[in-house]
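Engineer: Go ahead and model the full structure; you've got the sequences and the hints to work with.
Protein chains: 2
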Amino acid sequence: MYYIGIDLGGTNIAAGLVDDSGKIICDKSIPTGAERNYTEIVKDMAELSKEIIVKSGVSIEDVKAVGIGSPGSIDNKNGICTYSNNINMENANISGEFKKYLDLPVNLENDANAAAYGEYTINGNDVESFVFVTLGTGVGGGVVLDGEIYRGFNGVGAEIGHTVVDMDGEQCTCGRKGCWEAYASVTALIRQTKKAMAENPDSKMHEIAEKEGKVSGRTAFDAAKCGDKAAETVVNKYFEYVAEGITNMVNIFQPNKIIIGGSISKEGDYLLKPIREYVEKNDYNRHMEKVQIEIATLFGDAGIIGAALAAKRKICG
Amino acid sequence: MYYIGIDLGGTNIAAGLVDDSGKIICDKSIPTGAERNYTEIVKDMAELSKEIIVKSGVSIEDVKAVGIGSPGSIDNKNGICTYSNNINMENANISGEFKKYLDLPVNLENDANAAAYGEYTINGNDVESFVFVTLGTGVGGGVVLDGEIYRGFNGVGAEIGHTVVDMDGEQCTCGRKGCWEAYASVTALIRQTKKAMAENPDSKMHEIAEKEGKVSGRTAFDAAKCGDKAAETVVNKYFEYVAEGITNMVNIFQPNKIIIGGSISKEGDYLLKPIREYVEKNDYNRHMEKVQIEIATLFGDAGIIGAALAAKRKICG
Chain A
0 MYYIGIDLGG
10 TNIAAGLVDD
20 SGKIICDKSI
30 PTGAERNYTE
40 IVKDMAELSK
50 EIIVKSGVSI
60 EDVKAVGIGS
70 PGSIDNKNGI
80 CTYSNNINME
90 NANISGEFKK
100 YLDLPVNLEN
110 DANAAAYGEY
120 TINGNDVESF
130 VFVTLGTGVG
140 GGVVLDGEIY
150 RGFNGVGAEI
160 GHTVVDMDGE
170 QCTCGRKGCW
180 EAYASVTALI
190 RQTKKAMAEN
200 PDSKMHEIAE
210 KEGKVSGRTA
220 FDAAKCGDKA
230 AETVVNKYFE
240 YVAEGITNMV
250 NIFQPNKIII
260 GGSISKEGDY
270 LLKPIREYVE
280 KNDYNRHMEK
290 VQIEIATLFG
300 DAGIIGAALA
310 AKRKICG
Chain B
0 MYYIGIDLGG
10 TNIAAGLVDD
20 SGKIICDKSI
30 PTGAERNYTE
40 IVKDMAELSK
50 EIIVKSGVSI
60 EDVKAVGIGS
70 PGSIDNKNGI
80 CTYSNNINME
90 NANISGEFKK
100 YLDLPVNLEN
110 DANAAAYGEY
120 TINGNDVESF
130 VFVTLGTGVG
140 GGVVLDGEIY
150 RGFNGVGAEI
160 GHTVVDMDGE
170 QCTCGRKGCW
180 EAYASVTALI
190 RQTKKAMAEN
200 PDSKMHEIAE
210 KEGKVSGRTA
220 FDAAKCGDKA
230 AETVVNKYFE
240 YVAEGITNMV
250 NIFQPNKIII
260 GGSISKEGDY
270 LLKPIREYVE
280 KNDYNRHMEK
290 VQIEIATLFG
300 DAGIIGAALA
310 AKRKICG
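Line by line, the protein sequences are chains A and B.
The first sequence finishes on residue 316 if you use numbering that gives the first Met the number 0, and the numbering steps up by one all the way, no holes.
The second sequence finishes on residue 316 if you use numbering that gives the first Met the number 0, and the numbering steps up by one all the way, no holes.
Please keep in mind that the hints were generated in silico from the structure rather than gathered at the bench.
You can take every hint at face value.
DEER-style ranges, computed between Cβ atoms:
| # | chain 1 | residue 1 | chain 2 | residue 2 | range |
| --- | --- | --- | --- | --- | --- |
| 1 | A | Ala197 | B | Glu198 | 31 to 39 Å |
| 2 | B | Asp167 | A | Gly95 | 47 to 55 Å |
| 3 | B | Lys228 | A | Gly226 | 49 to 57 Å |
| 4 | B | Glu231 | A | Glu209 | 49 to 57 Å |
| 5 | A | His286 | B | Glu147 | 16 to 24 Å |
| 6 | A | Lys99 | B | His286 | 18 to 26 Å |
| 7 | B | Pro30 | A | Asn77 | 52 to 60 Å |
Here are the computed lysine to any residue pairs in the SDA-like style, where the Cα-Cα straight-line distance is at most 25 Å:
| # | chain 1 | residue 1 | chain 2 | residue 2 |
| --- | --- | --- | --- | --- |
| 8 | A | Lys280 | B | Glu169 |
| 9 | B | Lys265 | B | Arg190 |
| 10 | B | Lys236 | A | Thr172 |
| 11 | A | Lys176 | B | Glu279 |
| 12 | B | Lys176 | B | Thr186 |
| 13 | B | Lys313 | A | Asp125 |
| 14 | A | Lys176 | B | Lys176 |
| 15 | A | Lys236 | A | Thr136 |
| 16 | A | Lys313 | B | Met287 |
| 17 | A | Lys194 | B | Asp167 |
| 18 | B | Lys280 | A | Cys173 |
| 19 | A | Lys98 | A | Gly56 |
| 20 | B | Lys99 | B | Glu34 |
| 21 | A | Lys289 | A | Tyr277 |
| 22 | B | Lys176 | A | Tyr277 |
| 23 | A | Lys265 | A | Val126 |
| 24 | B | Lys176 | A | Asn235 |
| 25 | B | Lys193 | A | Met166 |
| 26 | B | Lys280 | A | Glu89 |
| 27 | A | Lys289 | B | Glu89 |
| 28 | A | Lys213 | A | Glu198 |
| 29 | A | Lys228 | A | Ile189 |
| 30 | A | Lys76 | B | Lys289 |
| 31 | A | Lys22 | A | Gly267 |
| 32 | B | Lys236 | B | Gln170 |
| 33 | A | Lys98 | A | Asp74 |
| 34 | B | Lys228 | A | Met166 |
| 35 | B | Lys313 | B | Gly146 |
| 36 | B | Lys193 | B | Ser262 |
| 37 | B | Lys76 | A | Glu147 |
| 38 | A | Lys289 | B | Asn92 |
| 39 | B | Lys76 | A | Val126 |
| 40 | A | Lys289 | B | Glu147 |
The beta-carbon is built from N, C-alpha and C at its ideal position, and this holds for glycine as well.
Structural biologist: What follows is the structure in structure tokens.
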């Protein structure tokens, strides 16, 4: 059987036809046009889904459900996005609108939860407890317990990036000061890199940034790998920021697995090794089996796969 | 039917006979003698249990299970305390030892988890997700999801006091710096009070501490209620410390209910009001139903009741 997975983002709508094993058979991405009314965006999602089904050659009868991962606060039971500032939505009946154009059962999830579920299914299958952390523009994530996405009673749980790790620290976009996101996101890393560059005019980071045309999340990493001391300081401190929050998640959840995703996770072992060492040294569990910490493998596909497979679980059991 | 609940502490063993509704029918407390071998402590727990059953007049046939809440890392499946520094235990087969003296099914839980389950059953019944926070010597707690104690895959989850809220901040007993416990525990409050007293020789806190013979967790609260400015500053900052961690728990779990227990919770509304206001203003959820935050009601009995009812659930279904 097959399932449509849709990753609704502020810039693009990515949709794919996914099989039972979580493999994407056929996919396509179109611009979101986030400034439009949500009903038009949903119509485009439905048209894109139809297009993918036709293109894949799979019979419509074999497509059993549609999963949508959307930014914002999601009422999963009713398929409604109650609020999103990313795409202008308030009490947007996404599932209801979608069905006007394509009559298939729809399951709506928060986008980070959908991505977490994708990583869980592919990289964490069968574990009781699973935490997914994304180090991207923000720090997001999701928690899967006993195979179910943990949403909290109101649907907006697992906002693990919005946990204060440094009281009265850096301003966070959420209004609080010192959230983990304000230290461990790519946005934060760029801020930290720029600060170090201003303080170290001779650092290789300047050369790298000039070549790339901007300071990015890679600038300090690339310079550190060339032996630049100022960049190494940035990167080592950034590792600590990430590890501090991961250790918090370990002490709270003691999950079988924590998977780190998002653009920074492409650093692979270079990121993973110091994080593991920090957690090993600092977590509260000194006598029991330790949490496994791994790097994500699905990257951009996690949203599509997770949305599709969450719909499969919810609708087909 | 009836269940024995035992709260094993570093100082005392408190045991009670508990009915199906969570009411304590008969209870008694004896010194732990924590320096002894655990087998002797367990023998005392069993003898105490028998004594309580006899004293209550309940027939032994009507006592269906024994629940024990123990400090340390607990292997719930096997009834073993794998480690505790509070009472000197390593791979202590508490359930097995207990059964040598009293042949009843035994369920062993971490003490904070048992207390959380007690509060859940009495004050949070029927909610999907429940977080219990104790503000005592440390900051402990427990999480109950879908009626089950959340333990993590290795049994040592829900150590919510050991989440860093202030990187490179106050030294915590766990080895990390800046844990919530190092700011929001009674121990931390006493440290904060002493610091303010040293800086404010005219504060009413000195008079109150002298009368009481020591600086306690109540010193600053009592002085603040008399209008002492230095004490008000201590108390207001302490409220913030508590609220910062509660807001983190709200953003992670979005539970139906958070119950605050431990000795400080006896301050009631005086504590609850500013905490609620802080969370209301700062949590990430701006558009969905809000988490209920309440004060615990069981206090010292939570451990007995929770251990008994967790045993009931585990063993009798």
